[in-house]
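Colleague: The lines below spell out each chain.
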Amino acid sequence: METINIILSGLGGQGILFMTKVLAQAALNKGFNVMGAETHGMAQRGGSVISHLRLGEAKSSLVRTGTAHFLLSLEENEGYRNLPFLSKGARMYVNTHSKHFPRKEAKGLLDKRNIIYRSFPAGIMAQKLGAPRSSNLALLGYFSAFDEGPIGYKDIKTTIDTISPKKFKDINLKVFEAGYRKGRDSG
Amino acid sequence: MIKQEILLGNGAIALGLVESGCQIVTSYPGTPSSEILPEVVRFVKSEKLDTYVEWSTNEKVALDTAFAAAITGKRAACCMKQVGLNVAADSLMSAAYIGTVGGLVIISCDDPGPHSSQTEQDTRFMARLAKVPVLDPSNPQEAREMVGLAMDISEEFRIPVILRPAIRVCHARQNISFGPIKKNNQKASFEKNPQRWAATPRFRLILHGELNRKLKEIGKKFENLSQYNFHNLESGKQYALGIIAGGIPYSVIRDFLSEEKRTDIPVLKIATPYPFPEILAIEFMSACQKVLVLEETDTLIEYLLRDRDRVMGRLSGHVPPEGELVPQVIHTLINNVLEELNLEPFKTSEDYEAMQLVKDLQLPVRRPTLCPGCPERAAFFAIRKTRPKAIFTSDIGCYTLGLNLGAVDTCLDMGAAITMASGFYHSFAQDSVEQPIVATIGDSTFFHSGAAGLLNAVYNGSRFILVILDNLTTAMTGMQPTPALGIRADGSEGKAIPLERIVAGCGVDFIEVVDPYDIKKTIRLLKKAIKYVKDPKGGMAVIIARHPCVIAYPTKAILHKKKVTITDDCIECKVCLDRFECPALFHDPELGRVNINRALCVDCGVCIQVCPKGAIVEA
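Chains as they are written, first to last, in our numbering: chain A, 1 to 187; chain B, 188 to 806.
One thing to keep in mind: the hints can contain errors.
What the hints assert, rightly or not - List time: in silico DSS-like cross-link candidates among lysine-lysine, alpha-carbon distance up to 30 Å:
hint	chain 1	residue 1	chain 2	residue 2
1	B	K743	B	K682
2	B	K370	B	K424
3	A	K107	B	K534
4	B	K407	A	K174
5	A	K167	B	K232
6	A	K157	A	K88
7	B	K714	A	K128
8	B	K743	A	K59
9	B	K682	B	K707
Claimed, not checked - Partner residues aside, some chain A positions facing chain B, computed with beta carbon under 10 Å:
hint	residue
10	F18
11	T20
12	A27
13	H40
14	G47
15	S60
16	V63
17	R64
18	G66
19	E78
20	L86
21	Q127
22	E148
Don't read these hints as lab results, they were simulated from the structure. Glycine residues also receive a C-beta, built at the ideal position from the N, C-alpha and C atoms.
Using the sequences and the accompanying hints, generate a full structural model.
Modeller: Written out as C-alpha cells, the structure is:
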C-alpha cells in the first residue's frame with residue numbers, strides 16, 4: 001500500500017506536537033506503521049513549526065515535497081508556506097478567521113492541482129470554549145468530520161481520551177467535539 | 188508480553204539503553220538529545236530497574252562520571268548534543284587511550300541544519316579524532332538496536348563507543364515493539380592499576396598502541412557486520428552509478444529508489460563510518476563506474492574512499508557542503524548527477540510552481556521569540572533601558588532571543604557571556620576606555636560553565652555587570668531541573684545549591700536579587716551596579732533576576748493576574764513592539780493603535796510598565 005503522508009504546521013506553542021501524537025497513536029491503533037518527524041528546540045518559541053507524519057512502510061521520517069496527502073495547519077500563513085508538500089488532489093484544513101481564504105494568489109494553483117481546501121476559525125472556537133490554547137483539538141475535530149483520512153472521528157476521539165493528561169481530558173474532548181460538529185454542519 | 192509504543196527516536200535510544208543492561212546514565216540536556224534521559228527514567232520506573240540516572244552539571248562531568256562507572260565493570264552511558272561533546276572532548280580523548288572494563292556508550296546527537304545549535308559539526312569526526320568507533324543509525328528502531336551493539340563492542344574491546352544519531356533520528360517518531368527488560372546485576376569493583384588508570388606519558392604511548400590494535404580488530408568486525416553494513420549489488424553486474432549512504436540520507440534514498448522503482452542504482456549502506464569497512468567499500472566501488480556519497484553532515488566517508496576520481500560528493504561539488512540533506516535537497520542533487528551521467532532522471536520533479544507561489548506570497552518570517560509573560564523579556568527591557576550603549580554579551584538558551592530586543596550582541600558558547608565580557612573589558616581598559624558591558628546568562632548555563640569564568644573575571648579584575656537570568660529551570664531544552672532546585676533527574680530530592688552561594692564563592696561582593704517583573708526596581712539595582720562597577724573600590728557586580736519560567740511554572744509564574752487594555756493614548760510609537768516584543772501585542776492599523784491578542788496574552792501585566800505614554804493600563 002502507498003504510504004500516506006501528512007503535514008501538520010503552525011507556530012511554536014500552538015500544540016503541533018500533541019496533534020501529531022494524537023494522529024500517530026490513532027494510526028497505530030488502526031494497525032499502521034508510523035514514522036514521523038517533529039520540531040523541537042528553539043523554533044518551539046513561536047517560530048514556524050512543522051511535523052511530518054507517514055503511515056505505512058516509509059523508511060525516512062520526512063515527507064518529500066509534492067507527496068503529502070493531507071495538510072493540517074493551525075495558522076493560515078504556515079499553511080501556504082507548506083503548499084509545496086501537497087500532492088495533486090490533496091486536502092488541506094486550515095485554522096483561520098479570514099473570510100478570504102484561500103488568498104486569491106493561491107487559489108489558482110490549489111484548483112489546478114485539485115486540492116480540496118477547507119478552513120474554519122478553530123482558534124476562535126477554542127477561545128469561546130474557554131481553552132484558547134486548544135485550537136489544535138478543534139482543528140482535529142474538524143478534520144475528522146470529513147472522514148477523508150485513514151483515521152476517523154472515533155479513532156481520534158478514543159485516542160484523545162486515552163492520551164490526554166487527566167487535567168485536560170474533558171476540555172480536550174469538548175473542543176474536539178465542537179470542531180467535529182462544525183465540520184459536520186459545513187460538510 | 189510484547190507491547191508496542193510510538194516512541195521518539197530519543198525514546199527508542201532510551202529503550203535500547205535499558206535493554207542493554209546499562210546501569211549508569213548521565214547527561215546534560217541539549218537539543219536534540221534532551222529527551223533521552225527522561226525516557227530512561229520512565230522505563231526505569233515502569234520496569235522497576237535500579238539504573239542510576241543523573242543530570243550532570245555539564246557534559247565533561249557527565250562523561251567523567253560514566254567513564255568511572257565503566258571501569259568498575261558496569262555498563263554506562265552518557266548523552267549529550269554534538270557541541271556538548273566539545274565540552275567533554277578532554278575526557279573523551281583520554282578515555283579512548285585508557286579504555287574501559289564494562290561498556291561505555293557515548294550518545295552524541297548531531298544537528299544538521301542547524302535547527303537548534305551553534306554549529307553543524309559532525310560527531311563522526313570527533314570519533315575519528317579520538318580514535319573511537321562510531322555508529323550512525325538511520326531511524327529510531329535501528330538506533331535502539333545499535334545502543335546494544337555499541338555496548339557489546341565497547342565491553343568486548345574495552346573501548347568507549349559513540350552512537351551518533353542525527354536530529355531526524357532523535358526527533359523522529361516510530362512505532363516500536365518491546366518486551367520485558369532484564370535487570371543487569373553486575374557489581375562494581377575497582378582493580379588498582381595506576382599504569383592504566385593514571386598513566387603517565389610513557390605508558391600513554393603503550394596505551395596508544397593498544398588502542399590502535401583494538402581499532403584494527405573492530406575494523407575487521409565491521410567488515411562483516413552485514414546487518415548494518417550491506418549493499419544490494421547483483422553479482423557480476425556493472426553499474427554506471429552507485430550510492431554510498433549512511434544515517435538519515437540512507438533512509439531518504441531508499442524511499443526514493445523504491446518510489447521510483449529504480450533497480451539500476453545499487454546502494455551501499457555504511458552504519459559504521461569509523462573504523463571504516465574499506466574492503467566492503469572497495470568491493471562496491473569495483474562494480475560501479477561512479478559513486479555518489481550521501482552522508483551527514485561532513486565528508487568522513489568521502490575522505491575515506493581512496494579512488495577520489497570516481498567519487499561524487501561534497502568535495503566534488505555534487506552535494507551541498509552545508510545544511511541538512513532533506514528529501515528535496517537529495518532529490519535535486521541526484522537528478523543533477525543522473526543528468527551529468529546521461530542516466531534516466533527521476534520521474535517526479537520538484538514543484539517549482541508551488542515554491543514560486545510561496546515566494547510570491549511574501550509570507551512573514553516567523554522568528555522565534557520569548558514567550559508571553561517570559562521574565563527574561565522584562566529583564567532585557569530593563570537592561571537595555573538602563574544601559575543602551577553597553578556591549579551585551581549573552582549565552583546559550585531561550586534568552587539568546589534577547590537579540591530581538593536589542594539586548595544581546597554576542598553568543599559564542601556555553602559560559603561565554605562572562606568570559607567574553609572579561610575579554611571586552613580588558614580590551615577597552617587597555618585603551619583607557621570605560622566601555623559599559625552587561626552580560627546575561629541563564630541559571631542552568633551558569634551552573635554548566637559560568638563559575639570558572641566568573642572566578643576568572645573577579646581574580647583578574649574585570650569590571651562589568653553580570654545578570655543571571657534565573658527562571659528556576661533549564662527552559663530551552665524542555666524544563667530540566669537545575670542544581671539550585673534540589674530535584675534530581677528521577678524526581679528524587681537532592682541538595683539544593685543556591686546561585687548566591689556560588690557567586691559569593693567566586694569572590695563577588697556585589698550580589699543583588701530582584702524579580703525582573705518589577706522593572707523599576709530592576710532598573711534601580713542596575714544603576715546601583717553601574718556605580719559599583721565604576722567605583723575604584725568596587726568590582727564585579729552580579730544581579731540575579733529571579734522569576735519562574737511561565738511554561739515550567741504556569742501557576743507560580745503569574746500569581747497576580749492583571750488583565751491589560753490599551754487606551755487611545757497610544758501614539759503608535761511601537762516601543763512595546765520593538766523593545767519589549769511580546770507576541771501578545773500587535774499593531775492594529777484599523778484601530779490606529781497597538782492591540783492585544785487575547786489568545787496569547789497571559790495577563791502578566793508587565794507591559795504596563797513599558798509604555799512611555801501610559802497607554803497600557805489594567806482593565
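Colleague: Decide, hint by hint, whether the structure agrees.
Modeller: Status of the hints after comparison with the structure:
1. Restraint check for K743/B and K682/B: the C-alpha separation of about 22 Å stays at or below 30 Å, so the hint holds.
2. The hinted pair formed by K370/B and K424/B fails the criterion: a straight-line CA distance of about 49 Å is larger than 30 Å.
3. As the CA atoms of K107/A and K534/B are separated by approximately 26 Å, the hinted pair is consistent with the 30 Å bound.
4. With a CA separation close to 60 Å, the supplied pair K407/B and K174/A exceeds the 30 Å bound.
5. Pair hint K167/A plus K232/B holds up; C-alpha atoms about 22 Å apart against a cutoff of 30 Å.
6. Between K157/A and K88/A the alpha-carbon distance is near 29 Å, which keeps this suggested pair within the 30 Å criterion.
7. Taking the CA atoms of K714/B and K128/A, the gap is about 45 Å. The hint is violated against a cut of 30 Å.
8. With a CA separation close to 44 Å, the supplied pair K743/B and K59/A exceeds the 30 Å bound.
9. Of the supplied pair hints, the one linking K682/B and K707/B is violated, its CA atoms being roughly 34 Å apart against a limit of 30 Å.
10. Against a cut-off of 10 Å between C-beta atoms, the interface hint on F18/A is violated, since the closest Cβ of chain B lies about 13 Å away.
11. With a cut of 10 Å, the hint placing T20/A at the interface with chain B holds, because the nearest CB-to-CB distance is about 7 Å.
12. Among the interface hints, the one on A27/A holds; its C-beta lies about 9 Å from the nearest C-beta in chain B, closer than the 10 Å criterion.
13. Against a cut-off of 10 Å between C-beta atoms, the interface hint on H40/A holds, since the closest Cβ of chain B lies about 5 Å away.
14. Taken as an interface hint, G47/A checks out: its beta carbon lies about 4 Å from the nearest beta carbon of chain B, inside 10 Å.
15. The closest approach between the C-beta of S60/A and any C-beta of chain B is roughly 4 Å, which is under the 10 Å cut-off, so the hint is satisfied.
16. The criterion of a C-beta within 10 Å of any C-beta in chain B is met by V63/A, whose closest approach is roughly 7 Å, and the hint holds.
17. The beta carbon of R64/A is positioned within 10 Å of a beta carbon in chain B (closest approach about 4 Å), and the interface hint is therefore held.
18. Nearest Cβ of chain B to the Cβ of G66/A: about 5 Å, under the 10 Å cut. The hint holds.
19. With 10 Å as the threshold, the beta carbon of E78/A comes within range of chain B, its nearest partner Cβ sitting at about 8 Å, so the hint holds.
20. Proximity of L86/A to chain B holds as hinted, the smallest CB-CB distance being about 7 Å (cut-off 10 Å).
21. Taking 10 Å as the C-beta cut-off, the interface hint given for Q127/A holds, the closest approach to chain B being about 6 Å.
22. Nearest Cβ of chain B to the Cβ of E148/A: about 21 Å, over the 10 Å cut. The hint is violated.
Comparing the model with each earlier hint shows violations of hints 2, 4, 7, 8, 9, 10, 22; every other hint is respected.
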